[in-house]
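**Student:** Each chain, written out:
Protein chains: 2
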Amino acid sequence: HENVSEAPNSLLREEDLQSGPLTTEHQRHIQGVPPVHPRMRANFENMIRAAQNSICLALENVDGSGKKFREDAWVRGADGGGGISRVLQDGHVFEKAGVNVSIVYGTMPPEALQAASAGAVARNAGYARDERVPFFAAGISSVIHPWNPHVPTMHFNYRYFETDKGMWWMGGGTDLTPSYLYVEDAQHFHGVLKSVCDRHDAAFYQRFKKWCDDYFLIRHRGERRGIGGVFFDDLNDRPAEELFKFSSDMVGHVVEAYVPIVERRKHMPYTEEQKRWQQLRRGRYVEFNLVYDRGTVFGLKTGGRIESILMSLPLTARWEYDHQPAEGTPEWDLLDACRHPREWV
Amino acid sequence: HENVSEAPNSLLREEDLQSGPLTTEHQRHIQGVPPVHPRMRANFENMIRAAQNSICLALENVDGSGKKFREDAWVRGADGGGGISRVLQDGHVFEKAGVNVSIVYGTMPPEALQAASAGAVARNAGYARDERVPFFAAGISSVIHPWNPHVPTMHFNYRYFETDKGMWWMGGGTDLTPSYLYVEDAQHFHGVLKSVCDRHDAAFYQRFKKWCDDYFLIRHRGERRGIGGVFFDDLNDRPAEELFKFSSDMVGHVVEAYVPIVERRKHMPYTEEQKRWQQLRRGRYVEFNLVYDRGTVFGLKTGGRIESILMSLPLTARWEYDHQPAEGTPEWDLLDACRHPREWV
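Sequences listed follow chains E and Y, in order.
So the first sequence is residues 1 to 345, counted in the numbering used here.
So the second sequence is residues 1001 to 1345, counted in the numbering used here.
By construction, these hints were calculated from the structure, which means they are not laboratory data.
Just to be clear, a hint being listed does not mean it is correct.
[To be verified] Under the rule of at most 27 Å between Cα atoms (straight-line distance), these lysine-lysine pairs were calculated in the BS3-like manner:
no., chain 1, residue 1, chain 2, residue 2
1, E, 275, Y, 1067
2, Y, 1194, Y, 1266
3, Y, 1275, E, 275
4, Y, 1275, E, 67
5, Y, 1194, Y, 1245
6, Y, 1210, E, 301
7, E, 275, E, 68
8, Y, 1210, Y, 1165
9, Y, 1266, Y, 1067
10, E, 301, Y, 1301
11, E, 266, E, 67
12, Y, 1301, E, 210
Go ahead and model the full structure; you've got the sequences and the hints to work with.
**Tutor:** Take a look at the structure:
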C-alpha cells in the first residue's frame, strides 16, 4: 500500500473509467447471468464514495464533539485500486466509528474465492478449476461503536464483485448490535430496512432478514452478535442495474435507520454494570468478526490493509469466565433476542 | 457437557484404566511409529492432573490475595471424557488465570484432523481417506494474565493424541507474552526451558524455540504475540515413554520458569499509558488466539466447552486505529522483539 496525502478522483484503472460497449468477453462465457455494463465499476465507486461523504457528515453531526473523521487514503500503484479509510475515535457519542471504501484488483485461488462466498454463485465460472481468478471488488464498509451502552453498534457493508470473464455479484447488509434491547429501536431499524427492500422486491426483506440472522451467528455460542437487519450475498439473479439501484438505496438509508436511535439514546445515563455488560457484548463482536466474518477473513488472507480491516473491532472489549445474566434481567432479554431471532415488523 | 460437583478420580473410560498388554491393533497398522502402551492414557491423565494441582497452588501463593481457583468439572456421560477448568479471576496479581485439564474421546473428519496439525504426521493412518477418525486426546492448557503491565502473560499447553488404530503424537509448549521487555526476564524464562530441553535432547531447545517463533506469528501483522519460548507438535519420532518424560519435565518446570518473574515485577508501579499499551498487546493476543491458534479453532469446531476454550482470552483488550509506538520507546522495543525474534540464551 502506498499512502497518498489525498485520495485521487477515482481509484479505478484508467480503462475502467472509459464508458465502452459490452465486450464480447462479457457475453461469451457466463450462461444465465445477465451481462453487466463496464460502467458498473465506475458507477459503484461513485456511489460508495458519495455515501462515505454523506454518512461521515451525518455521524459527525450526531456526535456533536466537533471532531472530524480522520482520512487515510492509499493506492496500489501499477496494479490499480486503493482505498479511503475514515475513522473518528474518541468523540462525544462515538468511541470508534469507521467508514471505509476500497477498490481491489486482485487474483484469488478458486478455493479461496469460493470460501469467501455463500456458495450460491460459481465465482470462477469461465476459469479452469485450479486457475487463479482475476477479480475486481468495490465496497463500502462501516462499523460504528458508541460509548453509551444504550446506543447500539451499527454495521453496514455493500460490495460489488466482478471477474475478468464477466461473472459478477453483489452483496451487502445493514445490521444492529445493541447491548440493551429497546423494542421501538428494533422496530424503527428493521422498519426502515423493510421499506427500502419493499420498493425493490416484496420478497427481499423476509429473505434478507433471515439471511442476516443466519449469517451473524456466533456458532460456538449459539447466539447472534446482535438483532440483525438484512444481509445478502452472491446476488446476480436479475440485471446488475436493478441490484445496483437496490444497493444504492440501502446505503442511502443507513443514516435514517440508525441516527434517530442514536439521538434518542445518546444522553441516557448508565451504570458501571451496564458499561461492563456492553464490554462483554463487544467481546462477542470480536469473536464473530475474527472467527466467522467472511469479509474480515478474506481481507486478512488476501493482504488487505490491516488497520482498515480491523477498524471494525471495538476500542475495548471484555471476556469474563462463564458470565451468565440472571433470567428476566435486561441483559438476559438481549441475549434471548440474540439466541431466538424475533420478527420486528 | 454434564456438570459434576466434583471431578471423578479419572475422566478416562473404564477400559483405558486397565493396564493390558499392547493390542495387536496397535502394532498392525502403523509402519515406522513406535507402539504405545495402553497405560499411556492413564499416565498422561495422572501427570496433567497432578500438575494442575501444584501449578494452581503456586499461582495462588504468588497472587497473595487469598483467592482460590474456582473449579468447574464436567463429564461427557457414556462417551467418556470430560474436563476440569480452574479459573482465578480478579486476584491481587492476576487479572485472569486459568489452568484446564481435558480428556476427549471424539471423532473427526480427516481434513479437520489434519488441519488441526502441523502436518508432519499422517494422523489418519490406518483409516480410509474420507473416514471419520476416532481419537483420544488428553491435555493441560493454561493462560495467566496479570494486571500489572510489567508482569508478562504466560501460556503453556501439553497434550497427547491417539487414534484407535495406534497412531499417536504429543505436542505442547510454554511461551511468554510481555508488554514490556526485560532482557533478564527473557533470559531466565528461556534459560529454564533450555535446561529442561537439554536433559532430553541437545537439539530440542533450538528446534522448539524456532518452532515457537514460527507458530505464534500473527501473520496479518508480521509480528509474534510475544517473545516465545518452546513449541512442538506431532512428535512421535521416538518411544512414547521418552516423550512423556520430556512433556512431564516441561510441565514440571512451568512454575520455575514463570513465578520468579512475577515476584520480581508484581509491585512495580505503572502509568495509565503503560496500562493502555498492555491493553493493545492484549488485543493482539485475542487476534492470534481467535484467528490462528490451532487449539482454539479445533476446540470451537469440535464442540468443546466454550468457556474453557475461551478462558485463554484476557479479561479486557483494546484496539486503537493505526497505533504506532515511536521508535526507541520501550513499547517500540517490545514490538521489535516480536517482529524479529532474538536469541536469549
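**Student:** Against each hint, give a clear statement of whether it holds in the structure.
**Tutor:** Status of the hints after comparison with the structure:
Note on residue 275 (chain E) and residue 1067 (chain Y): the hinted pairing holds, with a Cα-Cα distance of about 25 Å set against a maximum of 27 Å. Among the hinted pairs, residue 1194 (chain Y) with residue 1266 (chain Y) is consistent with the structure: their alpha-carbon atoms are about 25 Å apart, no more than 27 Å. Straight-line distance between C-alpha atoms of residue 1275 (chain Y) and residue 275 (chain E) comes to about 19 Å, which keeps the hinted pair within the 27 Å bound. About 25 Å separates the Cα atoms of residue 1275 (chain Y) and residue 67 (chain E), which keeps this hinted pair within 27 Å; it holds.
A threshold of 27 Å between alpha carbons decides the hint, and for residue 1194 (chain Y) with residue 1245 (chain Y) the separation of about 15 Å falls inside it, so the pair holds. For a cut-off of 27 Å, the pair hint linking residue 1210 (chain Y) to residue 301 (chain E) stands: about 23 Å separates their Cα positions. This hinted pair checks out: residue 275 (chain E) and residue 68 (chain E) have alpha carbons roughly 25 Å apart, not beyond 27 Å. A threshold of 27 Å between alpha carbons decides the hint, and for residue 1210 (chain Y) with residue 1165 (chain Y) the separation of about 32 Å lies outside it, so the pair is violated.
As the CA atoms of residue 1266 (chain Y) and residue 1067 (chain Y) are separated by approximately 17 Å, the hinted pair is consistent with the 27 Å bound. A threshold of 27 Å between alpha carbons decides the hint, and for residue 301 (chain E) with residue 1301 (chain Y) the separation of about 20 Å falls inside it, so the pair holds. The suggested pairing of residue 266 (chain E) with residue 67 (chain E) holds, with an alpha-carbon distance near 17 Å, which does not exceed 27 Å. Between residue 1301 (chain Y) and residue 210 (chain E) the CA atoms are separated by roughly 23 Å; this keeps the pair inside 27 Å, and the hint holds.
Checked against the numbered hints above, the structure breaks only hint 8 and satisfies the rest.
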